[in-house]
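2 protein chains.
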Amino acid sequence: MTASKLRVVIIGGVAAGPKTASKIVRLCPRAEVTVVEKGEFLSYAGCGLPYYISGVVKEQKELMCSPIGVVRDPAYFQKVKNVTVLNRTEALEIDRAAKRVRVRELATGKESRLPYDRLVLATGATPVRPPIPGADLDGVYSLHGVEDAEGIRAALARRRALDVVVIGGGLIGVEVTEALVERGCRVTVVEMLPQILPMLDWEMAHQVRKHMESHGVRVLTHAQVTAIKAGTDGGGRVGRVCTTRGDFSADMAIMAVGVRPNAALAKAAGIEIGETGAIRVDEHMRTSDPAVFAVGDCAECRDLVTGKPVYVPLGSTANKQGRVAAMNVCGVDSVFPGVLGSSVCKVFDFTAARTGLSFEQAVEARFDPVTVLAPAPDRAHFMPTAKLLMLKLIADRSSRRLLGVQAVGPGDAAKRVDVAAMAVTAGLTVDDVAGADLCYAPPYSAAMDNIITAANVMRNKLDGFFEGVTPEQLKRKMDAGDEFFLLDVRTPQEVAGIALPGAVNIPLGALRGRTAEVPRDKEIITFCKISLRGYEAALILNAAGFRSVKVLDGGIVMWPYETLGN
Amino acid sequence: MTASKLRVVIIGGVAAGPKTASKIVRLCPRAEVTVVEKGEFLSYAGCGLPYYISGVVKEQKELMCSPIGVVRDPAYFQKVKNVTVLNRTEALEIDRAAKRVRVRELATGKESRLPYDRLVLATGATPVRPPIPGADLDGVYSLHGVEDAEGIRAALARRRALDVVVIGGGLIGVEVTEALVERGCRVTVVEMLPQILPMLDWEMAHQVRKHMESHGVRVLTHAQVTAIKAGTDGGGRVGRVCTTRGDFSADMAIMAVGVRPNAALAKAAGIEIGETGAIRVDEHMRTSDPAVFAVGDCAECRDLVTGKPVYVPLGSTANKQGRVAAMNVCGVDSVFPGVLGSSVCKVFDFTAARTGLSFEQAVEARFDPVTVLAPAPDRAHFMPTAKLLMLKLIADRSSRRLLGVQAVGPGDAAKRVDVAAMAVTAGLTVDDVAGADLCYAPPYSAAMDNIITAANVMRNKLDGFFEGVTPEQLKRKMDAGDEFFLLDVRTPQEVAGIALPGAVNIPLGALRGRTAEVPRDKEIITFCKISLRGYEAALILNAAGFRSVKVLDGGIVMWPYETLGN
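Those protein sequence lines, which keep their order, are chains B and G. Going by our numbering, the first sequence opens with residue 1, and the numbers climb by one from there. Going by our numbering, the second sequence opens with residue 1, and the numbers climb by one from there.
Keep in mind that the hints were calculated from the coordinates and are not lab data. The reader is advised that the hints may include incorrect statements.
Which copy is meant is left open, because identical chains are indistinguishable; a pair holds if it fits in one copy or across any two.
[Claimed, not checked] Think about it this way: if two alpha-carbon atoms lie no more than 27 Å apart in a straight line, the pair counts; the simulated DSSO-like pairs of lysine-lysine are:
1. K346 / K387
2. K210 / K99
3. K99 / K5
4. K61 / K387
5. K110 / K267
6. K550 / K5
7. K477 / K387
8. K522 / K387
9. K99 / K110
10. K550 / K58
11. K267 / K99
12. K61 / K522
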């Protein structure tokens, strides 16, 4: 399908590079494929590093092995894949005119030039190292490569019950926090932004934060690290981390403030860099030079909903892009459609997941987003395995298109978000989602799956059957001292456990007979545990002639502010 | 939104009926809604009965309660929903001209007539009772109502370690089998068809059967019950079940041979019945009489892929239809799009799930179906929580549209099938599915999710990059004594554990150097554990000039016939 002796050079041997190489030799067995990798290790599962630290994954080599336990070293690539791998070899320069890459063997310093017909850049990304004084002390790690993980494991092996400060509360920061707590560490997370997990809207991230705190993690937001200081033992190891919200003793500090695409080599060669700082590619993964492709963490993506360039470096994306690039390298047309920013993260007993646009992103992209908060058990409520799942749906008001979904809680968040990802990919409306024939049996879901119920709540909102109030809006009213009647329609037993300040309790079953207790001249906001009864209460009051009745989105379960009792 | 005093009568109070009633009063608070239910119990979760038998659900009332533990009795419906429920009341006749339903109170025999503006039929279904001699003996149960479950539980409480024959190996038969084994029973399943779980293609059902057998269940297919005989103690209770494949002692027999829609009342009133025997409805859930709606197990559905009428009675469908009927009863346009036959079933440590068309259904519907069998771990292979998941994809050759997906195994089948259900709903191609941005983190999936990998295998097949052989095709060749070379490219250690008869072992890593051992004049069929290495082997052989190289679909893991060793 292509000319014989197609010479392909691939720079980068961790994820997208080997994937691309393997696919190319499958398609074009006579292609001469050379992978250049600066590091020692190939094809390792970087996403598995937190689980190697926690001990869930016992041995380093499990992260490097194929599913049947074969270590993917240069010999493996040569023998099984017919791919030449030059590891511990650095790519220094791309000569696009001559179609050659200048490389240097790190061990010997020997330089050579690799000619190519097609070049694939899979140069990955580098952890951001903010210029904090003391960031170079011993005991300060990133969590990017196997070496980082080994260093952390060695420190944990030397001493138990370490104090650790994790700098950055994104995905990696949260995952490594969980791992360290599992290993007995006392962890403080320091995040610059007002919330952890910026992939989530703040009230969803708040639920995750509360869960982390319940596992003994100290979470500081709006906080910046100002210095990392050595311990008093004179060993040059970290001893304290100073932040704008206090100083904390630390036997270890982990930098997890994000990564930056390794685009310098491409840039120096005059290849176009996108506005995100990553290498610009078209949907064939081709750069501005038609002979050069870029895949994985060094490449820019297109957001499927907005059509805008985004930088979302993820292993799942890298693998897909590798396949697409390989096909196109071999002359078989293939397209990478784009991303939804789908991601998932295990946080102790919680899962946090999201896909599509967040509320903020939807506003930025000039949609008119409507949101729903829908907490509910994630399977038939009578099953002892049922667990709480909190969903947030974001839809466009006029087109009714589903724009994004977020899910957090002990329940099965990953399933609902993957289902939503497929719906967003297809451009489905919330009506389509509500009508979807998802599988039902009590061990797996409720008769109406959480995502279907949430879509129906959204339809009710869009169709004007009820008006919602977000927790934020209600809190603002409370803080402003606005006049309104906050009606809790749960049972007195439930109210005794946890309640909202200022709420009046009339259980739903009694409401029809006690409407006289509800003022006719005030705005009324109803709620219950998850706001299903709150919704029924609003309908009862509307039918009884009340005006301006609203329902608190997500009920007391998703109220992200102070409560009474508990 | 509609005239006041809309009178609605709903016949049936178990699932779709109460759902419809509740939604109607939410939309039209002044509607006068009356639910007529022949039985005592309302709104109970019939799908939960197997879990009540197994003891996972402790008390009957859990199946009848709202999520906050309120029993849904007539008083509850009156007070909370403003719905009048007449339970223990039978609907005898529909007078469509006068718009009245004649009903009888079962306790008193008192008859009356209920006038309606809109009538909703939610009459449900009745278990099929084949005319087997002895089917009326004590100890022969269906599993349809709460009374059945109570009878079975009482029998289990009297004696442990019962011998039970379950007649019918469909969803309910399999679920109740699991429940009974959990309670210490020795269970024999007798199924008339060549396979259990006809919702699945046979080789997928075979995996479930093997798993049931590994839990001590005796499974007979192609077997018919000829008689149920009383025990020798003279108590008139079941003692033996006689089948075309032998007689079995039985302390209990459970009929699970399917259900029939309760359409007699509608039929007698001249309402159109569909070809499936269920009440014909349009997409608004309206029957041939515009004032009469039908929802739930008594109503026919439309298959979303074929557009043909089907009868798939499920609780999830009933709930959705109830909402749609209610909207239309209240004059708000709403559409029920149809079903995909999505279903899921827990079978000990396995999940079995499916959506869309099976291979057989796709052939019947005159598609040109191509299939893929794709077994793989359901999360990153280095995670100790990873479990095997066996997927089958069915796609249409020319349009590349995904038609159906089946999944069985200890892995997370429900997630992948729900994701697939959304893709089939949207009419996506396997290319769309392969490009989908699903969530990835090691505790939840591999970097390439199982469904994405399976879609890529399908693309490789459709694009002609390899040719597959189904297990059936290979078995036929074996049985016919055809000449072919069966090449196992696993490691010798793997081969020592389990192997296929007649296969020659050359590990993948050695294949490039040992192609001289492979005959050039025969058809070659390669395989490995899951056929990923088998696929690579085929590509290596193709590149080495071999002709007629094929790959065994699903590898040895999904081989449904005899193996050597272990």
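A quick look at each hint next to the structure:
In the homo-oligomer, the alpha carbons of K346 and K387 lie at most 27 Å apart both inside one protomer (15 Å) and across protomers (18 Å), since each shortest distance falls under that limit. In this assembly of identical chains, the alpha carbons of K210 and K99 never lie at most 27 Å apart, being 54 Å within a copy and 57 Å across copies at closest. In the homo-oligomer, the alpha carbons of K99 and K5 lie at most 27 Å apart inside one protomer (15 Å), although the nearest pairing across protomers, at 81 Å, exceeds that limit. For the identical chains of this complex, K61 and K387 are inter-copy neighbours only, at 20 Å across copies versus 35 Å inside a copy, given an alpha-carbon limit of 27 Å.
For the homomeric pair K110 and K267, the shortest alpha-carbon distance inside one copy (24 Å) is at most 27 Å, but the shortest distance between copies (89 Å) is not. Taking the shortest Cα distances, K550 and K5 sit within 27 Å of each other only across copies (26 Å), while inside one copy they are farther apart (70 Å). In the homo-oligomer, the alpha carbons of K477 and K387 never lie at most 27 Å apart, since the shortest distance is 32 Å inside one protomer and 50 Å across protomers. Proximity of K522 to K387 under the C-alpha cut-off of 27 Å is found in neither arrangement, the shortest distances being 37 Å within a copy and 56 Å between copies.
For the identical chains of this complex, K99 and K110 are intra-copy neighbours only, at 20 Å inside a copy versus 94 Å across copies, given an alpha-carbon limit of 27 Å. For the homomeric pair K550 and K58, neither the shortest alpha-carbon distance inside one copy (53 Å) nor that between copies (38 Å) is at most 27 Å. Taking the shortest alpha-carbon separations for K267 and K99, only the intra-copy value of 16 Å comes in at or below 27 Å, while the best inter-copy value is 78 Å. Within a single copy, K61 and K522 get their C-alpha atoms no closer than 66 Å, and across copies no closer than 40 Å, so neither meets the 27 Å cut-off.
Violation of the numbered hints given earlier is confined to hints 2, 7, 8, 10 and 12; the remaining hints are satisfied by the structure.
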